[in-house]
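There are 2 protein chains.
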Amino acid sequence: MQLLKEKIMDEGAVIDGNILKVDSFLNHQMDIQLFNAMGKEFKKRFKNKEINKIVTIESSGIGIACITAQYFDAPVVFAKKHVGANMSLHVYEAKVYSFTKKQYYTIKVSKEFIKSSDKILIIDDFLANGNAAKGLIEICNQGGAKVQGVGIAIEKGFQNGRKSIEALGVRVESLGIIEGFSEGKVIFK
Amino acid sequence: MQLLKEKIMDEGAVIDGNILKVDSFLNHQMDIQLFNAMGKEFKKRFKNKEINKIVTIESSGIGIACITAQYFDAPVVFAKKHVGANMSLHVYEAKVYSFTKKQYYTIKVSKEFIKSSDKILIIDDFLANGNAAKGLIEICNQGGAKVQGVGIAIEKGFQNGRKSIEALGVRVESLGIIEGFSEGKVIFK
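As they're listed, the protein sequences go chains F and D. Whatever position you read off the first sequence (first residue = 1), add 19 for the working numbering. Whatever position you read off the second sequence (first residue = 1), add 19 for the working numbering.
Treat the hints as calculated values from the structure; they're not laboratory data. It is possible that part of the hints are untrue.
Identical chains blur together in the list; that is why a pair holds if it fits in one copy or across any two.
Pairs of lysine-lysine residues, derived as PhoX-like cross-links and limited to a Cα-Cα distance of at most 25 angstroms, are as follows [unchecked claim]:
1. Lys100 x Lys120
2. Lys130 x Lys63
3. Lys204 x Lys130
4. Lys134 x Lys121
5. Lys121 x Lys24
6. Lys127 x Lys100
7. Lys165 x Lys120
8. Lys120 x Lys66
9. Lys40 x Lys100
10. Lys40 x Lys182
11. Lys40 x Lys130
12. Lys100 x Lys114
13. Lys120 x Lys59
14. Lys114 x Lys66
15. Lys121 x Lys62
16. Lys204 x Lys114
17. Lys40 x Lys134
18. Lys121 x Lys100
Start from the sequences and build out the full structure, keeping to the hints where you can.
Next up, the structure:
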């Protein structure tokens, strides 16, 4: 997706040789016009799929998921990493390994918000090793829902996230696929 | 706002006599059509105010803020409670006391995303004691920005949040104001 690529080239920064910082438009400050263009593009790519619910994970996925949901006329459910006092005790949960933090954390969704009749599109900002997306697929499967696809803003194409999701029979659509970094610059696929 | 009140009456649940659970449409599953109606209403209430940025706090404020931002043609910045590996070291921060968790936590926003030229609308899902909103105002003030108002989905009108924000000279607009709970039912103002 050209607009996203341009944003990454103009505003993205490569830190420590392998971290892509896109917090001016994607995951700290959020460019809502860009999100709308991304939502339209997700709709185009999944136009032949019946989708009645968007599932994402806090926090960076929520904004993209909400704007995208408008193009599918669907509600959004976000999986929680940090559970408050009023979280239902009846939850589907999955363990997710974080490579950044080098530890497992548990993500949770109340059982009432994943139904066996649901046709779900999973949305997230990044795909690298695919652990968050796999955790979300696992939760959807626990509820008997059908995962129709995974929509990603930025995929690190040199990591194995896509492969491990496709191995579960789930389609992946990423709007910007990065092949690697070279001298502080992003190389696109 | 009638639509929000109806949602609260139809789907809200009162737990332990004083916690309002609205996770079927506001802060776990999110009703995007409702959010659009809320965004329109915020625009109506702040139509005479110049606003170029929406500021909120993770996670429950993000969805409402992003949908609302479309009506102001503005980007959203969310304050972080949980800071990842690639957060800038140059941040504005504020300590916020959580009555639910009975402890202080620190919220952070990268300095580059709050400018002295910014005219900011703060958006959040709940207003009770007002500590989160006051923390966000403090961060905006640190950056020299002007806070044009605070827009809230559900205000607990029997707590002192509104009073403490108005004491800072900041206008508060809440779409649903709850006066109290009685026998498991919500009493509106």
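Hint by hint, here is what the structure shows:
no.	hint	in the structure
1	Lys100 x Lys120	both (13 angstroms within a copy, 16 angstroms between copies)
2	Lys130 x Lys63	neither (30 angstroms within a copy, 36 angstroms between copies)
3	Lys204 x Lys130	between (43 angstroms within a copy, 24 angstroms between copies)
4	Lys134 x Lys121	neither (32 angstroms within a copy, 35 angstroms between copies)
5	Lys121 x Lys24	neither (29 angstroms within a copy, 44 angstroms between copies)
6	Lys127 x Lys100	both (7 angstroms within a copy, 18 angstroms between copies)
7	Lys165 x Lys120	neither (30 angstroms within a copy, 36 angstroms between copies)
8	Lys120 x Lys66	neither (36 angstroms within a copy, 43 angstroms between copies)
9	Lys40 x Lys100	both (22 angstroms within a copy, 18 angstroms between copies)
10	Lys40 x Lys182	within (24 angstroms within a copy, 39 angstroms between copies)
11	Lys40 x Lys130	between (34 angstroms within a copy, 15 angstroms between copies)
12	Lys100 x Lys114	both (10 angstroms within a copy, 21 angstroms between copies)
13	Lys120 x Lys59	neither (33 angstroms within a copy, 39 angstroms between copies)
14	Lys114 x Lys66	neither (31 angstroms within a copy, 45 angstroms between copies)
15	Lys121 x Lys62	neither (34 angstroms within a copy, 43 angstroms between copies)
16	Lys204 x Lys114	neither (33 angstroms within a copy, 37 angstroms between copies)
17	Lys40 x Lys134	between (36 angstroms within a copy, 20 angstroms between copies)
18	Lys121 x Lys100	both (15 angstroms within a copy, 19 angstroms between copies)
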